[in-house]
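Given only the sequences and the hints, what does the whole structure look like? Please build it.
As a plain string of letters, each chain reads:
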Amino acid sequence: MSVNMDNMVKVFERPRSLTDAQFSYCPGCHHGVVARIIAQTIDELGIQERAVIVASVGCSVSMYEWFRCDGAQAAHGRASAVATGIKRVNPNLIVFTYQGDGDLAAIGTAESIHAANRGENITVIFINNQIYGMTGGQMAPTTLVGQWATSCPDGRDAELAGYPIRFAEMIAQLNAPVYVTRQALYDQKRIMAASRAIKKAFQCQVEGKGYSLVEMLTNCPTNWRMSPVETNSRLMNEVVKTFPLGDLVDRV
Amino acid sequence: MAEAAICAGCRAYFGYPITPQTELLEYMAAHMPAAGGAFVQAESEVAAINMCYGASAAGVRTMTSSSSPGISLKMEGISYLAAADLPCVIINVARGGPGLGNIAPAQGDYFQATKGGGHGDYRMIVLGPASIAEAVELVMLAFDLADKYRVPAMVLSDGMLGQMMEPVVLPEHISLDSLPGRPWALTGARGRGPNAVTSFAMDPVDLSRINTERQGRYRQIEENEVRYRETETSDATIIVVAYGTVARIARTTVKMARSQGIKLGLVQPITLWPFPYAPLRALSSRVSTILTVEMSAGQMVEDVRLAVADRADTPFYGELGGLVPTPKDILREVMHNVR
Chain A
5 MSVNMDNMVK VFERPRSLTD AQFSYCPGCH HGVVARIIAQ TIDELGIQER AVIVASVGCS
65 VSMYEWFRCD GAQAAHGRAS AVATGIKRVN PNLIVFTYQG DGDLAAIGTA ESIHAANRGE
125 NITVIFINNQ IYGMTGGQMA PTTLVGQWAT SCPDGRDAEL AGYPIRFAEM IAQLNAPVYV
185 TRQALYDQKR IMAASRAIKK AFQCQVEGKG YSLVEMLTNC PTNWRMSPVE TNSRLMNEVV
245 KTFPLGDLVD RV
Chain B
18 MAEAAICAGC RAYFGYPITP QTELLEYMAA HMPAAGGAFV QAESEVAAIN MCYGASAAGV
78 RTMTSSSSPG ISLKMEGISY LAAADLPCVI INVARGGPGL GNIAPAQGDY FQATKGGGHG
138 DYRMIVLGPA SIAEAVELVM LAFDLADKYR VPAMVLSDGM LGQMMEPVVL PEHISLDSLP
198 GRPWALTGAR GRGPNAVTSF AMDPVDLSRI NTERQGRYRQ IEENEVRYRE TETSDATIIV
258 VAYGTVARIA RTTVKMARSQ GIKLGLVQPI TLWPFPYAPL RALSSRVSTI LTVEMSAGQM
318 VEDVRLAVAD RADTPFYGEL GGLVPTPKDI LREVMHNVR
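If you're matching them up, the sequences are chains A and B in order. Using my numbering, read the first sequence as starting at 5 and increasing by one per residue. Using my numbering, read the second sequence as starting at 18 and increasing by one per residue.
Note that these hints are calculated values from the structure, not bench results. All C-beta atoms, glycine included, are put in the ideal place defined by N, C-alpha and C.
So these bits of chain B aren't anywhere near chain A, every CB distance computed over 12 angstroms: (1) 89; (2) 276; (3) 277; (4) 298; (5) 343; (6) 353.
A few chain B residues facing chain A, derived, Cβ under 8 angstroms: (7) 203; (8) 212; (9) 213.
Below you can see the structure in the form of structure tokens.
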């Protein structure tokens, strides 16, 4: 059957804000999905020429190479401080950080909380996959009680290592943040909702409303030692019990 | 020093309170917004230096200040600034250490400032003022050199300078339009490809190339930017080497010694990195003794000995714990070493 291309309408394509470079993520990892959603958002809001990525230390360290946007790479945990510096001297830029759970909720706790508390007009994308991915599967501040990791070989013991940190709930207590939400990507419905949340978070910044954070429950097939499909089931059936989905602050 | 920074076109300051430099933070809180710049009192020294990383990456002359324990916290950030080729000025109003130490003037941070401090193969320009007038001049120079070579630059002062009041003529504010362009800055990828400010290069070949290029700039700095001041050295038989507050005290010692017929001269290194090795080497062949005086257990003296080798005696006199030597103390040490 021959197809007349003239009558075809393109309904899905690579976002213009992405370069041709290949992501360095493992197969089945949700990181790539989030990167795509962000790129799509940048396209839809028409902010590619104003967007500045602040990449963090972790699997997304060279994220700025995948976007047709300016970008900085921050020291481990310091992305929100770097973003503060950029945004304060050039408020016209649309500045967002992209940080994992180790980066944002362990080594960068102070920077993350205080940027939120100051109400910096930035957007924070927080990737919560409950594990240290790049270093090979160590316990994260978000690792579930009982979850296996290379540095808690008998599973996370709350007596020794405490409980998973609910960062979104923590900063929801502050007065300044205008939009704080937790989203997931384990099925198509969730991906659509997550896309809307990310767009709303960026929109907040574009409109000068203030600090927004999207915590994204994601997977790590490699270090969870599961197939991608199994990781989606785990997120849907187990992880959401510790990290409930939905908006925590919406002052938009 | 804060006003000098604003005169130099600094439009972003991030800091954290610590004695004896808190007045600098307070001055910036009052005056930076009026100058149209950004001021944030950060949650920590770590956050402050990383805010500097962001602001400098965005293309603005940027500064932070602290005192010794706080400077230790900034070391990670300074390594990243160096690695990302970001200009930034850091003022250290040094105090007694190690640890919490005390809040008295000291020079125990020389190694940290001039030999690395943070991790990796990097250098930082380090300038040592001996008076408020010199501090003003050197803060402005620090911004120019940081921009010229895309490196962090430190003004290493001490609690004496930080708490001192003396008259100074401030320069005119320089026009921001006259500052060198920063085509690498993160200003939004409009009409050009994306800019990246990063310290990361996974491939050893890439990192080696990047580091080699940076080392080339360090060699240029060593060649072009050595600064020092000589006092009464032309006929001297004995030389005191001192920087910062101690150099100022030693100027009085030179007068006292000369009045007693002792041919004492003074060399004050102004750039602590790059260190004035060559001038000291040249002097060392015509004097018998080069006495280094510091408010430390002996840090700069290692550089003096590198320069002098065995061409002259290189005794050391240091005061510890925030004690400040008097001109007479230094004269006493000079007399011990006069043959």
